[in-house]
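Peer 1: Residue numbers (our numbering), protein chains in the order written: chain A, 982 to 1316; chain B, 982 to 1316; chain C, 982 to 1316; chain D, 982 to 1316; chain E, 982 to 1316; chain F, 982 to 1316.
Please keep in mind that the hints were generated in silico from the structure rather than gathered at the bench. There's no promise every hint is true.
One copy or two, either will do: identical chains are not told apart, so a pair holds if it fits within one copy or between any two.
The calculated DSS-like cross-link candidates involving lysine-lysine, where the alpha carbons are at most 30 Å apart (straight line), are [said to hold, decoys possible]:
| hint | residue 1 | residue 2 |
| --- | --- | --- |
| 1 | 1159 | 1222 |
| 2 | 1315 | 1212 |
| 3 | 1063 | 1205 |
| 4 | 1140 | 1222 |
| 5 | 1160 | 1315 |
| 6 | 1131 | 1212 |
| 7 | 1063 | 1160 |
| 8 | 1194 | 985 |
| 9 | 1275 | 985 |
| 10 | 1140 | 1156 |
| 11 | 1222 | 1131 |
| 12 | 1156 | 1194 |
| 13 | 985 | 1159 |
| 14 | 1160 | 1222 |
In this text the structure is predicted, and so the values were computed from the model without any measurement.
Letter by letter, the chains look like this.
6 protein chains.
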Amino acid sequence: MNPKIVTFGEVMMRLSPAGNRMLRQSNSMEFFFGGTEMNVAASLSVLGLNTKHITAVADDFVGEAAIASMQSFGINTSNVIKNEHPLGTYLLEVGSGNRSSRIAYNRLNGSFANINPSELNWNEILEDAEYFHWTGITPGISENAYLSLKEALQVANSKGIQITTDPAYRSNLWKYGKKGQEILVELVGLSTIFIGGVNEINEILGTNFNSDKEGFIEASQKLKSEFPSIKNIFDKIRMGKSASNQITQGRAWLDGEYFETNELEVNNVVDRIGTGDAFAAGLIYGLIHFDTEKALNFANAACAIKHTILGDANLASAEEISEVMNGNSGGRIKR
Amino acid sequence: MNPKIVTFGEVMMRLSPAGNRMLRQSNSMEFFFGGTEMNVAASLSVLGLNTKHITAVADDFVGEAAIASMQSFGINTSNVIKNEHPLGTYLLEVGSGNRSSRIAYNRLNGSFANINPSELNWNEILEDAEYFHWTGITPGISENAYLSLKEALQVANSKGIQITTDPAYRSNLWKYGKKGQEILVELVGLSTIFIGGVNEINEILGTNFNSDKEGFIEASQKLKSEFPSIKNIFDKIRMGKSASNQITQGRAWLDGEYFETNELEVNNVVDRIGTGDAFAAGLIYGLIHFDTEKALNFANAACAIKHTILGDANLASAEEISEVMNGNSGGRIKR
Amino acid sequence: MNPKIVTFGEVMMRLSPAGNRMLRQSNSMEFFFGGTEMNVAASLSVLGLNTKHITAVADDFVGEAAIASMQSFGINTSNVIKNEHPLGTYLLEVGSGNRSSRIAYNRLNGSFANINPSELNWNEILEDAEYFHWTGITPGISENAYLSLKEALQVANSKGIQITTDPAYRSNLWKYGKKGQEILVELVGLSTIFIGGVNEINEILGTNFNSDKEGFIEASQKLKSEFPSIKNIFDKIRMGKSASNQITQGRAWLDGEYFETNELEVNNVVDRIGTGDAFAAGLIYGLIHFDTEKALNFANAACAIKHTILGDANLASAEEISEVMNGNSGGRIKR
Amino acid sequence: MNPKIVTFGEVMMRLSPAGNRMLRQSNSMEFFFGGTEMNVAASLSVLGLNTKHITAVADDFVGEAAIASMQSFGINTSNVIKNEHPLGTYLLEVGSGNRSSRIAYNRLNGSFANINPSELNWNEILEDAEYFHWTGITPGISENAYLSLKEALQVANSKGIQITTDPAYRSNLWKYGKKGQEILVELVGLSTIFIGGVNEINEILGTNFNSDKEGFIEASQKLKSEFPSIKNIFDKIRMGKSASNQITQGRAWLDGEYFETNELEVNNVVDRIGTGDAFAAGLIYGLIHFDTEKALNFANAACAIKHTILGDANLASAEEISEVMNGNSGGRIKR
Amino acid sequence: MNPKIVTFGEVMMRLSPAGNRMLRQSNSMEFFFGGTEMNVAASLSVLGLNTKHITAVADDFVGEAAIASMQSFGINTSNVIKNEHPLGTYLLEVGSGNRSSRIAYNRLNGSFANINPSELNWNEILEDAEYFHWTGITPGISENAYLSLKEALQVANSKGIQITTDPAYRSNLWKYGKKGQEILVELVGLSTIFIGGVNEINEILGTNFNSDKEGFIEASQKLKSEFPSIKNIFDKIRMGKSASNQITQGRAWLDGEYFETNELEVNNVVDRIGTGDAFAAGLIYGLIHFDTEKALNFANAACAIKHTILGDANLASAEEISEVMNGNSGGRIKR
Amino acid sequence: MNPKIVTFGEVMMRLSPAGNRMLRQSNSMEFFFGGTEMNVAASLSVLGLNTKHITAVADDFVGEAAIASMQSFGINTSNVIKNEHPLGTYLLEVGSGNRSSRIAYNRLNGSFANINPSELNWNEILEDAEYFHWTGITPGISENAYLSLKEALQVANSKGIQITTDPAYRSNLWKYGKKGQEILVELVGLSTIFIGGVNEINEILGTNFNSDKEGFIEASQKLKSEFPSIKNIFDKIRMGKSASNQITQGRAWLDGEYFETNELEVNNVVDRIGTGDAFAAGLIYGLIHFDTEKALNFANAACAIKHTILGDANLASAEEISEVMNGNSGGRIKR
């Protein structure tokens, strides 16, 4: 059987004016269900792995639609909680050229923020799991979310499960009275694979490394010295030339060695949301199937191709990602 | 100059799956901005009157779009407040035949619920106004909304402004610790024109009148005896044969006399939302331009034709409403 | 080879807000190319006959699109003129229930109004034709259109071609200085089959017959006495219960005998435009293939089924029209 | 755990011109994945039961999309076969009023028709199943489909599984050289619950019962005498007044007793496809949860409400179906 | 209170085939209301200034929709005239890559062309105004439009109002018998700020300066010597690499000094229409808020970002424009 | 009269998820009718030539829609055959950036594959024709298609008609038992103008020339020596930088001389399908109107501009193609 990966985090409805309009000139919106951790599960399911996502949704037709969306990817939703609070939403106004995309969130009083830790039996949920994935968004939403996550990490540690984390600090969260940095330090200390780079390390450690290769290596060494449980550090760099053009590159500090991938250029960006999650999912898939360096290359290609796919989730197959990794320019039709 | 009408209440984004789909089988939604009191202002603006709507919206591109929508109707938005909370939303899954429409709200922590009473200068806002309109939804949203409304009513009373109210009690509101009935009693006591019928009177007074003509008269008499400021009582009755077919009728207790309108049948219902608001707006327009009985007929016709118009607001002109009032079946094209 | 039918008249772009919206709340419109005489040609082409439509369109990408639309029905467009004036347009706001549809025209200075009679060689155009069809709209648009039509009728008469006419008087035309009634008298006098009823006869003759069966017979007798070239008179009656429900019936005065069809009820009207043209086309098809009474029944069924088809043209096949004529309720799927 | 229901049959892509257009005037189509047996599984999944659907799909992005659609309903797809043949499709042109809907199929050389019986291990598939559902379409598609189905029925019988069947004979199938009637006799003989009425019985037995109540009872008695394995017979009657209005009624012959339900009227039909499958699914759900008579009423209500839901599958919840069963007219919004 | 800016010119409905189709392969169009001078008012309103637009629209539902659109931007429409002529329209077929966009106009007999100068009381309209803006299109449409504009300029001059003009000569106008060059000379002589460059100066003066920096300076000197009322000259240069890629740059001759801005590159052009109007509006905004050189930079950035916004009007905020002015590439999401 | 061109080949319905979605995340598809040979006829019709396309379509509403589509281009469809088999279809999932487009076909058992050679009277069909065009797809579909084509070529030869061929070998065809290479050799031997390059020549002759200029010349010489009927060889080269960016170039071996065109760059590719057919049509048009070298340039420009047009057919006019040929970058609007 396939390795089982468990993810935990908010599922939101994302809404965008159709046809590249600004909201004020639009009367319809396209929507997707997503969330940074669910996106990882969705991508891993599409890649053929066995995933389960843990979250709380509204006990109404919106929550049902969110569950149907997760199921369509093949994610196991049998532990999703329903409660009386509305599902979180965000509006994304998609930019173009030198007009930036804009996001307006409505998530801080939703169904996930009101998750009840006592409803989650992590021993059962994590049974037979090989990977658990979390991000810095979850503990920033509410104290309940933080407490649920901490318990999950403790149980996962007790079971020897690999714990991947993308612990980015988001300043528009953390409204419930806890200090983000302290909590991230606590939770990263319970994790084994760090997906992030100089920015994330500086945020967590209060350091001031610069973002070039040397800075990345020094920051990684510092991180490993502070958090002995962290084995490897994987980072993605995205160089945004415009809202429509991006370059992606991966780098890693692996047991004392530095690796970096080729740069991949993405023209005609269709959707930037979820490209970091595509990297994380590509990395987990790669770590399961390939050596560490190839895993990094696969993750970077997954990140690149996600820019061409609408919605939060990377729907590319392993074959398509591998082709991009091996230099496919997209210029020929596959019949 | 036109008489000025001031309305006060939440503006929400309403979202519906396009093309009569259920949410779980949809990937796009149409949206409108509306709210029961704003809908009254919108309809009165379209009818050519001078309106101002007071509300609070998010200080982001969603709030800007809400303001643009109000402006498009011709509503004066110069006193709209912006704050850091998200605009309220609701999802409407439109039914058909014997499948009921469903609504999921997300409004209790939004920009209007967090309105700051001290930011509203009602003396200035109500200067020169002839009508002020409120509904029972506003005080049910939050204590701030209630306090703002109470102050508005007190100032309006001091200025001798006509105060219309549709004081329906909604059980899914009133989560902030106040008892709905008590507050509605307080606020109806500050109003002059009651738009509602036996249900609303029973809710407010705790009585048990039945809903036929006799019950309506008795309830109206009781209401007037309890609230001397209330001069007239106007009610709409909608008999729903299916999600697609409705019958509307107006009735009134006017200074001791009972009136009722013809029944108007509406086939091929396009949108039920806002039909009560169309009645209220038609009534206010009628009271300004016609005698009371014709005002009731105009209000009922406004309610009927609104069922054929998409969105929250009644966009029918006075001429179109009058035609329906006078029996237009809609069967001929107007060239 | 199939009989050849020639039609002459304006082709317009018709635009309607998508999804039953009113124009002011819409940001997109669906469009069709049509015009009362072109609609007859389109329907006859779909029914398998050999048609040619004569008109003038703009010499730009709009005119090209109009020609492509005519070609898609199979209409011969080899005599369509192109000139420097814009194609006529009209906006149709589709009603529902008791809200009437509304039309706003922009046609009086367009490419057809500016048609140059000298560019039309009617002797060539009408070679081998068996039917020529015109309506009262064409001579109302401009003097050039009137002069072109008169010449066509004279040539058609000289060739013994059957001339069908739907000579409705439209008060929003006739802005170029001619008196509509006088010109219609002149042109009906050059025609052989009258498609119209009491209203049209009263308009043309200045009479005042009423619209019941007796009035229709008397009016028909009067018409035939005034216009000896007219052989038969065919009329459609549409009883509009609402914008969404119609009843159609045909009646005729045929060489001194009265006939009427069954009433056909149409629920869930999709599109009322072009239903009269569908009647005319059904009649011409019927006169070619059936006896006169069956032709009337076929015409009425064509009129009925057109109400269920979007756009100006009746796209129903002869088989489908016959099924409606024979009582098909539409309640079963055809696999 | 929930009872497990296994279904077997073709999954097709269904395509319909958007917005009620005819195909020739359209440039886009909406699509759904469905198939009579999959529809039953989808409805039962939405109702909360444990389902598995067995089929063959194309090994390309079309097949992947079909699987994603099944997963979105919660259907277990772990035994779906992929092969090199294209997924079957059909085009549905939706009628209105007295214009009938039309279907054009492309299924006889597709992935399901080319299913390889040896790839299906029915012993494993049917392990722990309580119900197996099949229809008369499956054996009509190809010999391979027939052979696979026969084996499934034999294995199901050996396990004592309830076998429901809707054995309608479709004359546009059965192109592969087998006589439909003979094969249906063979397969009905292996089933336990017959979903069908006089038409289906006459087709299978070559009898000539008429379709009134008496005929239904006699036909049922005859069926039971010919097929001792059949315990009960459940039938739905749909009286189509137009493409937009239908009446549904259920009747049954249950161990010698006759039952019939109320008539349920459906106005504003949104989608007729899959209403029979909704009946079958409602019946299976009812047989699991209710007594037999209530099961029939639930099935009829499920059939009725499906007419208001787009797509092949009934997405109504048990609560919504029960409301229709208990007389909900759909005229009120559920907030 | 904000400075008041008055604009005068035609409002048209602009229609474009949806989804980058050519008209002949399309069946729906997106539409916007706009016009070069209205676009300036719209942009200034969105930037927070107090604007009034003067125009004439059709007295039907099309005119109402045009007014609603102006109101949605916050433009004061209280002096808009309604008459019996249709609103002008134009069709825009949007190009891509090396296929140019195409426009077909229908404006020369519309409501604005038929504006009645006696209906405009410019003394009242221009009361308290600080800026009046006109373009060379208005006097080219009809003699009435020209006479109305001349009167407006005379009144504005008498009040000491700043008069900005973009006096481009359009050869497809000027059909009413006046010579464009002569009239533009007359009207530019009544203006104070010239928005245009070598092309426009050559057209007006009949000169032949070339378009490089030297030519621009010489042409500007010549213009100032001919028109002493003109104080400054501001020009935008757009270098079109393809229908999808543009470079914009501003230059100015300011009281004897030459300035030019950086080049701004725009990839993934969404909409070219109105980019010149965005420049004019940005300039007026800049002249009110900044020094002249920064005003030019702001105008150029406004022009650049407008290329990324659908519709005629620039909806970017001052903050967004400033970011582009300061080098924002659009590559990051604003949360 | 215009020269007549006859084409022969399958017409398919092509379906693509709307809005750049992947199929599994879509619920609607846009569609076009096309096919490599029909595309050539469509383009030549739009360019003003007289074309007739020979094919077989389904005798249902799908076939009618295909015929209407051909007619809309102006193609003569009077010899189109209808039979009982479904119209071929293909699904195109449009890529972006480095994600390749994907196609899934369903054509091998459709109406064209089942064409009956005896229903085609080539002597009549080819009467007065000057060009006949075929591709290597047609004989690969079925034996019937091959036999029909061979007969057409024999008749065309007997009439001295120019025979153009694009004989590409497609490995996913040729399932009916014939060896593709042998049949292509036979059929190319009956043709006069070869549209293809090194790849096609290598496939047919089993040679191994490389694809540079020298290889092309050698391969062309070899081809001419093997097939004396072939006079000229024209090739297009497309260099795909990504799914969104392409470079096109034409080259030719003309009676012993080598020519090549400039490279034309296409950014913002809208649709790659049919660009080769646009080359072929441009070439035929060019050969009729220009000298051979200019014909090659025109063909290359036609190929380039087709990348910017949605659908299978090149809708650009001769004027637009000539502009691209002469360097138009697309950066200006044509008013």
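Peer 1: Which hint numbers does the structure go against, in order from smallest to largest?
Peer 2: As far as the earlier hints go, 1, 2, 3, 4, 8, 10, 11, 12, 13 and 14 are violated by this structure, in ascending order.
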